[in-house]
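Engineer: Single-letter residue listing:
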Amino acid sequence: MKYGVNEHGYYGDFGGAYIPEMLYPNVEELRQQYLNIINDPDFKAEFDDLLKNYVGRPSPLYHAKRYSEKYGANIFFKREDLNHTGSHKINNAIGQILLAKRLGKKRIIAETGAGQHGVATATVCALMGIECVVYMGEIDMARQAPNVSRMKMLGATVRPASSGSKTLKDATNEALRDWIANPVDTHYIIGSVVGPYPYPDMVARFQSIISEETKKQLVEHTGKELPEYVLACVGGGSNAMGMFYHFLDNEQVKLVAVEAAGKGVDSGHSAATTFLGHEGVLHGSRTILMQTPDGQVVEPYSISAGLDYPGIGPQHAYLYKINRAQYVSVTDDEAMKAGLLCSQMEGIIPAIESSHALAQLEKMKFNLTDNVVICLSGRGDKDLDTFIKYFNY
Amino acid sequence: MNNEPSTISYTMNRLNQLFASKKDNLLSIYYTAGYPALNTTVDIAEALEKAGADFLEVGFPYSDPVADGPTIQHSSEQALINGMTLDHLFEELTELRKRVTIPILLMGYFNPIAQYGIERFCKKAAELGVDGVIVPDLPMYEYEALYSTHFINNNLSNIFLVTPQTSSDRIRKIDELSNSFIYLLSSSSITGGSLQLTNSIEDYYKRIKAMELKNPTIIGFGISDNATFTKACEYANGAIVGSKFVKLLAEDGYMEKIPAFIQSMR
Ligand SMILES: Cc1ncc(COP(=O)(O)O)c(C=O)c1O
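Each protein sequence line maps, in turn, to chains A and B. At position 201 of the first sequence the residue is numbered 201 (our numbering), and the sequence of numbers has no breaks. At position 154 of the second sequence the residue is numbered 154 (our numbering), and the sequence of numbers has no breaks.
Everything labelled a hint here was simulated from the structure, so no lab data went into it. By construction, the Cβ of each residue, glycine as well, lies at the ideal position given by its N, Cα and C atoms. One or more of the hints may lead you astray.
[What the hints assert, rightly or not] To give a feel for the contact side, a few chain A residues facing chain B, derived at Cβ under 8 Å:
no. : residue
1   : GLY16
2   : GLY104
3   : PRO160
4   : SER163
5   : ASN173
6   : ILE180
7   : PRO293
8   : GLN296
9   : VAL297
In isolation and in its complexed conformation, chain B is listed as follows:
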């Protein structure tokens, strides 16, 4: 915490390179590491890259995922039963950059990171080729005041969420603190809902678009098919599919079904 502010030393990571070269229809996939089984994280990532996903969010499980709906709650519970821990995940990820080139984010709740040690977590993730982190329960004040140097020093992008209720002032501040993209929620909801386009939500997307933020925006929560993906891409640079993909992982022969799944979104 006594480190010099190091925004200066920040260099482009894979996320920045991706957003510099591709501005539309970016497709990201979320899945929970350790679900349906251990030692599948890199296999799934490789298959998703081959199938055409642009970047990935690898969830690490937590016992009390308050921002998640039943599908991701279940995958987290099962992953924990299977024995997934941050230590184990990092072990699986030692192979990551031998097999996968697209940007990878880790997504999970704050307490497991805090126990692992925040600085140690950031170092380890960066070392393995992770590009960013999404920690839904690490809000802006706590991030900025207490932890941001560890992220910045390790060239990890911290991704903030924005909802229709987030004020414009706060969005500006989030834009300032972000250095890869901003995660727009289509509504204030937990994961696993479905995108409903009401007038007020379109107004919200338009309002964000009109703000001309310096960071790209990606829409998440409730994206589950071609229609919702296409709609989201009208207002943002891309979208994230989570629960729908986690459901696919519950099916037999899911590895073979990944290419068709990705095709069906686009």
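Bound conformation, chain A alone:
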């Protein structure tokens, strides 16, 4: 793959494994094993079976007719919101739990922002009968309370991250600290295409099922494999990378990644990483992150907990730098409006994260014949409180 990772874990200047020695044995074990394991026919069979019969894949590619009329193009939703547990996060969680089992791990840790990855991880741990500890920022626990309850009901322990900004980046720090203290029997299921190599590549591979299915489904709908545009929101970037993956080498497909502008890119309350960030190192990889001139990580803001992260995965940093994908941003207000519009025009209540991708449609000009695929990464059940408060229902 032209845009793939090299043997040292780099995408151009981005990636690598900037980790303390305490994490080296675990990360090295993964690096040595992950490709062998995920290319093994037994693994593939088990992964495919669970995706089909447990997750409910393939997720539909839905031709959104009213949206198509409104925006003057053929608009398709890739319905990751219909997956078991309500988002794309389950694809990666299934892949990593099967891998952890093959590595002989007895305990799983994870970080979560919106709670979708935490729920997905708690779910696969219940499925496999493995102990599960999820770290979640204190602020996120409050704004995504239903997901905290779901994780508990699924048997996971939810530990609040009360350091720093008390959101996703701090939950990630706490999970890394846990992993340092448990160097032998624990696997860390990272929830996005971030972290030290091999995580960005491994998670991208598990999420690549999104674009693999989309290509086939597009042929059924349009007679063609390739759309003109592919859109997805970016927190760490896993649904976007999964949505882009099998289109990366098809240069004619325009890839659009939507970041969260929060209250506006220049408002001081934003999570629009490529607009506000600089190159540096965050959570084990060289990437683009929001930081002060002195290299301190800046606390991001977005109404959407899943996009409230100061970095992006290293492959995104690379695609941004070489202009293979276009990075744009959408504000809280634009996203909330788009979420409401989708609910009332298509009968689908999207996650606020996914609503960011939908809002980008307002800003684009299409030809009538354009085929446009949007990754509807998750459903909005977890966000009802936020929607209701926002619109004063």
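Given the structure of chain A, go ahead and fit chain B with the ligand onto it with the hints provided.
Structural biologist: Here is chain B with the ligand on its own, set in the frame of chain A:
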């Protein structure tokens, strides 16, 4: 990065001189610059030297210190609130070599260094009389492939960490790349724990000792009193006290308490 490999030009720095003259019971102290207040870095260093510390690690704060426990996390957060930056630290250190003679290492995470500029950082640190650097999240591959020339050209020792899980092959490689000492962690842990001597940890220390590494070894993480210090010195050339000293800095009148603190360790 296109510089000639310059191991040849490497000359003895203060760390090498110390290890050449003293082989046992070396005591090093870690503290976070900017904590509890700005403009105390050199005062504390001077007091520690007078009290008998052999060398020092001056931490520069980072917003996301993943290898640190609550005590050093807190000191870092407070130091940042106080306004500590690398620029400010270097300004404080202009006085360093007028007042302090023992070896000094800077310890901190990679991102602040990367923003400052790695080459610029190494030059500046060396100019001010810093002898070595500990960057926990700069691993061996990245160091060797991308950055080592800047350290070597400026006569700065880069210190690597080793844990009970580090393989013997990797330890050999670390020994090759090191030129002052190797930092042994008593267990895979974040800072601020307490040293627990189980059989498997004693085996690990013995295994390292039997490897007869060319570099001295210093044990860190979890050294908090005379008992743990003495125990560590049975297996290594010395030990590092961090969180315990940072806690002292939170007390009133900490400057006056430094001599007794150092005495209590030995
Ligand atoms: C529904 C949904 N979409 C998107 C994201 C953002 O993550 P990523 O950028 O890795 O897809 C999240 C994260 O929690 C999410 O829950």
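Engineer: Taking the hints in turn, state whether each one holds.
Structural biologist: Here's how the hints hold up against the structure:
1. Look at GLY16(A): its Cβ gets to within about 6 Å of chain B, closer than 8 Å, so that hint holds up.
2. Annotation: GLY104(A) was flagged as interfacial toward chain B, and the flag is violated, the nearest CB pair being 15 Å apart, outside 8 Å.
3. This hint is violated: PRO160(A) has a C-beta 14 Å from the nearest C-beta of chain B, more than the 8 Å allowed.
4. Hint status for SER163(A) relative to chain B: holds, with the closest Cβ pair at about 6 Å, below 8 Å.
5. With a least beta-carbon distance of about 5 Å to chain B, the hint placing ASN173(A) at the interface is held under the 8 Å criterion.
6. At about 6 Å, the closest approach between the beta carbon of ILE180(A) and any beta carbon in chain B falls short of 8 Å, and the interface hint on this residue holds.
7. With its C-beta approaching chain B no nearer than about 7 Å, PRO293(A) sits inside the 8 Å limit, and its interface hint holds.
8. Taking 8 Å as the C-beta cut-off, the interface hint given for GLN296(A) holds, the closest approach to chain B being about 4 Å.
9. Interface hint at VAL297(A): satisfied, since its Cβ lies 5 Å from the closest Cβ of chain B, which is below the 8 Å cut-off.
The earlier numbered hints that this structure contradicts are 2 and 3.
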